[in-house]
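Protein chains: 2
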Amino acid sequence: MSVEIERKFLVLNNDYQQTAQRKTRIVQGYLNSSPERTVRIRIRGQQGYLTIKGKSSQDGTSRYEWEKEIDLSEAQQLIKLCEPGLIDKIRYEVSVGQHTFEVDEFFAENQDLVVAEVELSSADDAFEKPDWLGEEVTGDKRYYNSCLMKHPFNQWIN
Amino acid sequence: MSVEIERKFLVLNNDYQQTAQRKTRIVQGYLNSSPERTVRIRIRGQQGYLTIKGKSSQDGTSRYEWEKEIDLSEAQQLIKLCEPGLIDKIRYEVSVGQHTFEVDEFFAENQDLVVAEVELSSADDAFEKPDWLGEEVTGDKRYYNSCLMKHPFNQWIN
Chain A
63 MSVEIERKFL VLNNDYQQTA QRKTRIVQGY LNSSPERTVR IRIRGQQGYL
113 TIKGKSSQDG TSRYEWEKEI DLSEAQQLIK LCEPGLIDKI RYEVSVGQHT
163 FEVDEFFAEN QDLVVAEVEL SSADDAFEKP DWLGEEVTGD KRYYNSCLMK
213 HPFNQWIN
Chain B
63 MSVEIERKFL VLNNDYQQTA QRKTRIVQGY LNSSPERTVR IRIRGQQGYL
113 TIKGKSSQDG TSRYEWEKEI DLSEAQQLIK LCEPGLIDKI RYEVSVGQHT
163 FEVDEFFAEN QDLVVAEVEL SSADDAFEKP DWLGEEVTGD KRYYNSCLMK
213 HPFNQWIN
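Same order as they appear, the protein sequences are chains A and B. For this note's numbering, add 62 to where a residue sits in the first sequence, where the first one is 1. For this note's numbering, add 62 to where a residue sits in the second sequence, where the first one is 1.
What the hints contain is simulated information worked out from the structure, not anything from laboratory work. All C-beta atoms, glycine included, are put in the ideal place defined by N, C-alpha and C.
Straight-line distance between alpha carbons at most 25 Å, and here's what the computed DSS-like set of lysine-lysine pairs gives: (1) A/Lys-85 to A/Lys-130; (2) B/Lys-142 to A/Lys-130; (3) A/Lys-203 to B/Lys-142.
Some chain A residues near chain B, calculated using beta-carbon distances under 7 Å: (4) Leu-93; (5) Val-101; (6) Gly-116.
Not everything, but these chain A residues come out facing chain B in the computed CB check (under 10 Å): (7) Lys-130; (8) Glu-136; (9) Glu-145.
Next up, chain A with everything else stripped away, as it sits in the complex (with noise of 0.2 Å):
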């Protein structure tokens, strides 16, 4: 178990898309979606992934998180027993000076919502924002994606 510490970013355009080293579709659902112990099913590519998380410190930048690698087909039957309402996905890593970017593309009933996270060694920690980065969403729990399941971003009134 690790503290996760990530701040969250919306986009402004896709240029993201032309220094990514790695694309990736993503499709997970929640055993549980409440902040205070999220239990998600992910299957990334081939491969599964079960992850716990605890609730968030008090300024939204670190979680509790624990991880761990499962079979395709048991991420497969798992995903089946999930709460109503699937996040789809495309993912996009893309370096930025010392630090890694990932970018979520969003589908079905998050079409065009595109977010951009980066995870840093501490609260504080320095990194170097690119042109396309936007508005900080750091701690908006309308943004997590257990939240975005059952509140999706089509349905958001803006």
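Take the given structure of chain A and dock chain B to it, following the hints.
Frame of chain A; chain B shown alone:
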């Protein structure tokens, strides 16, 4: 992932203790206690387990189950994230004919409750009933460990 076929019984006296092959302390909590997608963290002796169960069949005898051994230290961390209320019990394993009964003596708020379970290879698998075996409670959700956590035996109105 396998299908678990189990029948559950109350227990008339403690004669099972005399023929038990094994006795282990079990502490467990739930990352999700919903019967549709139960996620359980269990510490059994010095070993940790993560178990996911789907909802029961209509007659209450079979249920999808997926289990992985995890490190004790990881289980100790994950149990801290669980829903309020832990289950604490001693399990006796008792061979009777071709089958093994698991007899659970509960502590804390479930003190005085003793339940025996036998795992079968099919729903109509015959098994020998020892003298100490009482009323069958298979499918009675009150006896689910995930329910005993929220509605403990000491609070039941008899």
